[in-house]
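Protein chains: 2
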Amino acid sequence: MRAMKWVRQASTKCETIRHSTASVIRSLRKLTPTAFMTLRRAVAKVEHLGIMGQKLRLNDRELEANKMIMAVKKEEISKGILDPTKFTPGQHIFKTLTEIRKSPIFNLIKRMPKGGVLHAHDTALCSTEYLISLTYRENLWICTMDEGCKAIAFRFSKEKPTHKPMEKCNWEPMAEFRDRRGEDNVTRYFKRRFSMYPFSKFISNNQAWAHFMGIFILLDGLLCHAPVWADYYYNALKEFSEDGVQYLELRSLLPPLYCIDGDMLTIRDTVAIYQSELERFKADHPNFIDSKLIYAPLRGVEPSVVEQYVKTAVELNKEFPNFMVGFDLVGQEELGRPLKDFVEPLLKMPEHINFYFHAGETNWFGSPIDENLVDAILLGTKRIGHGFALTKHPMMMRLAKLLDIAIEVCPVSNQVLQLGVDYRNHPAALLLAAHVPVVISSDDPSFWRCAPLSHDFYFAFLGIAPMKADLRFLKSLAINSIRYSALAGEEKRVGYVKWQKLWDKWIEDVVEQKCSS
Amino acid sequence: MRAMKWVRQASTKCETIRHSTASVIRSLRKLTPTAFMTLRRAVAKVEHLGIMGQKLRLNDRELEANKMIMAVKKEEISKGILDPTKFTPGQHIFKTLTEIRKSPIFNLIKRMPKGGVLHAHDTALCSTEYLISLTYRENLWICTMDEGCKAIAFRFSKEKPTHKPMEKCNWEPMAEFRDRRGEDNVTRYFKRRFSMYPFSKFISNNQAWAHFMGIFILLDGLLCHAPVWADYYYNALKEFSEDGVQYLELRSLLPPLYCIDGDMLTIRDTVAIYQSELERFKADHPNFIDSKLIYAPLRGVEPSVVEQYVKTAVELNKEFPNFMVGFDLVGQEELGRPLKDFVEPLLKMPEHINFYFHAGETNWFGSPIDENLVDAILLGTKRIGHGFALTKHPMMMRLAKLLDIAIEVCPVSNQVLQLGVDYRNHPAALLLAAHVPVVISSDDPSFWRCAPLSHDFYFAFLGIAPMKADLRFLKSLAINSIRYSALAGEEKRVGYVKWQKLWDKWIEDVVEQKCSS
Numbered sequence: 001m002r003a004m005k006w007v008r009q010a011s012t013k014c015e016t017i018r019h020s021t022a023s024v025i026r027s028l029r030k031l032t033p034t035a036f037m038t039l040r041r042a043v044a045k046v047e048h049l050g051i052m053g054q055k056l057r058l059n060d061r062e063l064e065a066n067k068m069i070m071a072v073k074k075e076e077i078s079k080g081i082l083d084p085t086k087f088t089p090g091q092h093i094f095k096t097l098t099e100i101r102k103s104p105i106f107n108l109i110k111r112m113p114k115g116g117v118l119h120a121h122d123t124a125l126c127s128t129e130y131l132i133s134l135t136y137r138e139n140l141w142i143c144t145m146d147e148g149c150k151a152i153a154f155r156f157s158k159e160k161p162t163h164k165p166m167e168k169c170n171w172e173p174m175a176e177f178r179d180r181r182g183e184d185n186v187t188r189y190f191k192r193r194f195s196m197y198p199f200s201k202f203i204s205n206n207q208a209w210a211h212f213m214g215i216f217i218l219l220d221g222l223l224c225h226a227p228v229w230a231d232y233y234y235n236a237l238k239e240f241s242e243d244g245v246q247y248l249e250l251r252s253l254l255p256p257l258y259c260i261d262g263d264m265l266t267i268r269d270t271v272a273i274y275q276s277e278l279e280r281f282k283a284d285h286p287n288f289i290d291s292k293l294i295y296a297p298l299r300g301v302e303p304s305v306v307e308q309y310v311k312t313a314v315e316l317n318k319e320f321p322n323f324m325v326g327f328d329l330v331g332q333e334e335l336g337r338p339l340k341d342f343v344e345p346l347l348k349m350p351e352h353i354n355f356y357f358h359a360g361e362t363n364w365f366g367s368p369i370d371e372n373l374v375d376a377i378l379l380g381t382k383r384i385g386h387g388f389a390l391t392k393h394p395m396m397m398r399l400a401k402l403l404d405i406a407i408e409v410c411p412v413s414n415q416v417l418q419l420g421v422d423y424r425n426h427p428a429a430l431l432l433a434a435h436v437p438v439v440i441s442s443d444d445p446s447f448w449r450c451a452p453l454s455h456d457f458y459f460a461f462l463g464i465a466p467m468k469a470d471l472r473f474l475k476s477l478a479i480n481s482i483r484y485s486a487l488a489g490e491e492k493r494v495g496y497v498k499w500q501k502l503w504d505k506w507i508e509d510v511v512e513q514k515c516s517s
Numbered sequence: 001m002r003a004m005k006w007v008r009q010a011s012t013k014c015e016t017i018r019h020s021t022a023s024v025i026r027s028l029r030k031l032t033p034t035a036f037m038t039l040r041r042a043v044a045k046v047e048h049l050g051i052m053g054q055k056l057r058l059n060d061r062e063l064e065a066n067k068m069i070m071a072v073k074k075e076e077i078s079k080g081i082l083d084p085t086k087f088t089p090g091q092h093i094f095k096t097l098t099e100i101r102k103s104p105i106f107n108l109i110k111r112m113p114k115g116g117v118l119h120a121h122d123t124a125l126c127s128t129e130y131l132i133s134l135t136y137r138e139n140l141w142i143c144t145m146d147e148g149c150k151a152i153a154f155r156f157s158k159e160k161p162t163h164k165p166m167e168k169c170n171w172e173p174m175a176e177f178r179d180r181r182g183e184d185n186v187t188r189y190f191k192r193r194f195s196m197y198p199f200s201k202f203i204s205n206n207q208a209w210a211h212f213m214g215i216f217i218l219l220d221g222l223l224c225h226a227p228v229w230a231d232y233y234y235n236a237l238k239e240f241s242e243d244g245v246q247y248l249e250l251r252s253l254l255p256p257l258y259c260i261d262g263d264m265l266t267i268r269d270t271v272a273i274y275q276s277e278l279e280r281f282k283a284d285h286p287n288f289i290d291s292k293l294i295y296a297p298l299r300g301v302e303p304s305v306v307e308q309y310v311k312t313a314v315e316l317n318k319e320f321p322n323f324m325v326g327f328d329l330v331g332q333e334e335l336g337r338p339l340k341d342f343v344e345p346l347l348k349m350p351e352h353i354n355f356y357f358h359a360g361e362t363n364w365f366g367s368p369i370d371e372n373l374v375d376a377i378l379l380g381t382k383r384i385g386h387g388f389a390l391t392k393h394p395m396m397m398r399l400a401k402l403l404d405i406a407i408e409v410c411p412v413s414n415q416v417l418q419l420g421v422d423y424r425n426h427p428a429a430l431l432l433a434a435h436v437p438v439v440i441s442s443d444d445p446s447f448w449r450c451a452p453l454s455h456d457f458y459f460a461f462l463g464i465a466p467m468k469a470d471l472r473f474l475k476s477l478a479i480n481s482i483r484y485s486a487l488a489g490e491e492k493r494v495g496y497v498k499w500q501k502l503w504d505k506w507i508e509d510v511v512e513q514k515c516s517s
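Chains U and Z supply the protein sequences, listed in that same order. Position one of the first sequence corresponds to residue 1 (the UniProt record's numbering), numbered consecutively onward. Position one of the second sequence corresponds to residue 1 (the UniProt record's numbering), numbered consecutively onward.
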């Protein structure tokens with residue numbers, strides 16, 4: 001009966017509210033159509049100004065470029081409305097990859113200076129072609145099972161490796177394996193094994209993750225050889241740079257690397273190799289801004305291990321203070337442990353080493369993983385990796401906005417790892433509309449055979465953002481990627497200058513129609 | 001260069017903000033782990049109180065029932081986390097329909113008194129079995145083409161109908177058609193033609209809509225015969241009532257009906273038939289609350305036609321003031337016309353006839369259709385049909401909350417009409433979190449072979465709401481369906497009393513474990 005009483009009270013109260021508000025809103029019907037349309041336009045204007053970047057002022061050349069960009073965008077969207085099966089952001093990237101290369105919008109974005117990539121994992125950066133080229137290196141062995149049908153591991157060694165990763169697998173020289181199976185077959189096979197293809201159907205994100213982790217494991221012996229590690233990073237910087245990326249913040253497990261004789265280096269050496277390759281790359285490419293490192297070991301561990309992680313982070317930061325600058329934990333959130341299990345060791349991290357936590361990369365609303373968002377923010381994270389679930393937490397969303405915590409949105413990754421299919425339903429649209437800072441990143445472009453950043457920008461522009469989002473939107477994404485980076489003080493100023501130089505050049509190219517194919 | 005200056009200014013300003021806010025948030029790292037966990041729990045508590053219905057007080061029996069409900073819910077979710085391919089809200093309803101019938105949560109919800117259905121179309125209410133039973137009625141003719149392989153239309157007539165809906169189709173008596181093709185074959189064929197099955201794959205929502213409209217067209221001659229129209233409605237009320245629904249607000253095109261001799265009745269007669277069937281049903285079923293009508297003609301017309309619609313609405317409301325109470329426009333929003341084309345005639349609607357507009361049933365962000373949301377709200381709509389896109393418009397979302405405009409969320413419909421697949425990504429989760437009023441409806445349950453309302457409640461409870469949403473959530477969905485209905489004053493009070501009576505009984509049944517299968 002208490003409930004009954006409540007219902008009555010609520011009902012009465014509700015009626016009162018409805019009565020008063022209804023009288024306000026209904027009175028709009030007394031407007032003349034002209035007055036209504038004026039009000040309507042005012043609302044549209046306010047909504048329009050809410051689109052990210054709309055308050056940016058464009059110069060004359062940018063305005064001209066904008067017209068051309070919006071003309072092609074409009075065409076691509078009109079086609080999609082007529083026949084949504086032709087609209088690539090409504091479909092799985094694995095089905096549309098070839099199609100997208102023909103898109104004028106994609107080709108414009110490809111050449112656009114997009115600033116930096118702030119969310120990417122260090123062994124999932126390079127193109128499949130580059131990975132395959134690595135398998136031609138000398139002294140490479142492959143361990144296979146099922147009569148050589150299934151590759152299990154790689155290893156560089158002068159002699160046949162002694163340790164078997166699995167009981168049933170056998171080592172043979174890579175060159176022999178290639179001869180025996182036929183070069184074309186092997187290339188085709190590796191193309192598949194080094195990526196998430198062809199799984200475009202919705203299965204479940206656990207299955208997708210199992211496959212995903214399998215690629216990391218397979219690549220381990222190929223990439224963790226010291227000289228290859230160095231070359232892979234240099235090549236990644238090159239590929240990113242060619243895709244209009246001038247800055248890269250990479251997350252790394254920082255594995256110890258091995259030498260050709262089997263000797264193991266230390267984690268410190270892993271970082272040192274990165275640092276020296278970076279210097280070499282910057283010397284060769286003066287337009288490139290910089291690269292920095294976030295130490296991001298696996299989350300599926302005991303709290304005591306995280307305590308050790310924190311110590312390692314402190315030591316590395318002491319030796320590489322401008323390069324190794326942040327900390328995160330990685331691995332599928334659902335199967336790892338929630339951040340709150342690690343609060344005690346994490347609170348020991350000195351304040352000058354920033355957190356950049358993965359959080360809320362899930363669609364389980366109200367799960368401990370979903371709640372990682374709360375812990376990440378309360379622990380003072382500078383950015384949030386993915387934050388796919390953030391929009392379900394209005395209070396956390398307000399905090400992110402207030403505390404200027406940028407959300408690292410990785411559209412293609414979310415699709416491939418089965419969080420959603422249609423980019424038009426991606427929750428980042430709501431972050432944009434609510435003015436939560438957003439940067440667009442690519443996570444693991446190697447595994448989905450995507451460009452280092454262009455595909456993610458393409459989907460953000462065409463699929464996630466409102467139709468009217470224009471050059472201002474693209475420009476503010478680029479600016480955000482520098483603003484929310486770990487670049488500090490003078491570094492950031494230099495970053496903006498280097499980006500602006502390429503930006504101005506690109507605007508000229510667009511206006512001169514040099515970018516459309 | 002102006003842009004460059006802007007970048008510098010923004011950068012400096014941004015640095016200042018980041019510096020001040022960062023010092024607030026980072027200081028959390030100085031907390032002891034115990035203090036952190038206290039803060040963390042406080043945040044969790046606030047988030048928990050944000051779940052719809054959490055402020056409801058349950059009586060002792062309800063608390064007991066809640067424990068049992070949450071135990072089975074937890075089990076179903078745990079299974080899903082272990083193996084997401086087993087989690088029905090992550091998949092398409094057409095693949096899981098049989099599975100769901102076995103779900104203990106579904107069976108609890110099935111018997112739960114769920115209040116009213118506020119969003120449903122009058123020719124898509126009844127079960128497929130009932131539709132098939134109608135095809136056994138006397139004097140029914142079927143028009144088929146492709147050697148009788150494809151049904152085009154139905155018609156009740158003493159003699160062979162003269163008008164052909166398509167050049168190439170031929171009329172024959174239904175009984176002959178059934179004999180010729182074999183009863184089982186015909187039943188199987190109608191089961192498919194009367195529903196959206198088997199299209200569970202993501203195609204595009206245009207294709208889904210084309211198929212969907214095709215069912216309405218096929219059913220036209222079967223249902224628009226005056227006696228069948230009456231029986232169909234009576235049967236719908238019966239099926240809804242058996243599914244725990246005590247109130248039905250139906251949207252209707254109000255087609256003129258035909259008699260066996262081909263004579264046509266008027267729209268006024270269509271409403272009169274409804275009203276008299278309703279009285280008959282209420283006399284037979286004293287627990288049933290009521291049913292009301294929203295006149296909802298097609299939106300793909302000229303503004304002058306809408307002017308006529310408004311006049312018709314006014315006339316009907318004059319004759320049936322407690323039954324025909326509202327107005328809407330229907331048909332695929334993308335292919336129809338936006339509300340703003342009809343502002344002039346719509347503003348002529350007298351204030352006592354409420355608008356209940358479909359709006360934002362789209363994932364095209366920033367399209368004119370998406371913007372129907374703005375017009376619907378500015379025109380003073382009492383509720384919004386679907387509002388799938390509302391979360392992309394924070395200002396409109398705030399207005400909906402402030403003006404107490406309920407969103408009629410139809411989960412299964414949104415999935416079948418291809419707006420999204422995974423219920424865990426349904427935007428209604430965000431409406432719930434932001435305290436925008438929500439009611440759950442079923443739209444066209446006939447076409448997806450779903451229960452009148454139980455499946456939609458099931459997905460709302462298990463897929464859309466946060467994991468911790470419990471009996472309080474379900475109870476407030478039921479209460480909302482009465483609160484936001486077109487029931488007025490004393491009608492509403494009586495409605496609550498009738499619902500509460502069945503609710504108390506159901507709670508007892510749950511506690512006594514009479515509901516679990």
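Derived from the structure by calculation, the hints contain no laboratory data. Some clues are possibly wrong.
Chain copies aren't distinguished; within one or between two, either way the pair holds.
With a straight-line Cα cutoff of 25 Å, these simulated DSS-like cross-link-like pairs (lysine-lysine) come out [stated by the list, open to error]:
no., residue 1, residue 2
1, K79, K158
2, K45, K468
3, K401, K45
4, K191, K95
5, K74, K468
6, K318, K30
7, K164, K102
8, K30, K158
9, K74, K492
10, K498, K158
Computed from a prediction, not measured in an experiment: that's the story for all the values here.
We went through each hint and held it up to the structure:
In this assembly of identical chains, K79 and K158 lie within 25 Å of each other by CA distance neither inside one copy nor across copies; the values are 57 Å within and 49 Å between. In the homo-oligomer, the alpha carbons of K45 and K468 lie at most 25 Å apart inside one protomer (12 Å), although the nearest pairing across protomers, at 39 Å, exceeds that limit. In this assembly of identical chains, the alpha carbons of K401 and K45 lie at most 25 Å apart whether taken from the same copy (22 Å) or from different copies (21 Å). Taking the shortest Cα distances, K191 and K95 sit within 25 Å of each other inside one copy (16 Å), while across copies they are farther apart (33 Å).
Taking CA atoms no more than 25 Å apart as the test, K74 paired with K468 passes inside one copy only; the shortest distance there is 9 Å, against 43 Å between copies. Taking identical chains as interchangeable, the C-alpha atoms of K318 and K30 lie at most 25 Å apart only when they sit on different chains, with a minimum of 21 Å there against 70 Å within one chain. Taking identical chains as interchangeable, the C-alpha atoms of K164 and K102 are never at most 25 Å apart, the minima being 45 Å within one chain and 47 Å between chains. When the C-alpha separation of K30 and K158 is checked against a cutoff of 25 Å, the pair qualifies neither within a copy, at 87 Å, nor between copies, at 52 Å.
Taking the closest pair of Cα atoms, K74 and K492 never come within 25 Å of each other, the shortest separation being 35 Å inside a single copy and 49 Å across copies. For the homomeric pair K498 and K158, neither the shortest alpha-carbon distance inside one copy (44 Å) nor that between copies (84 Å) is at most 25 Å.
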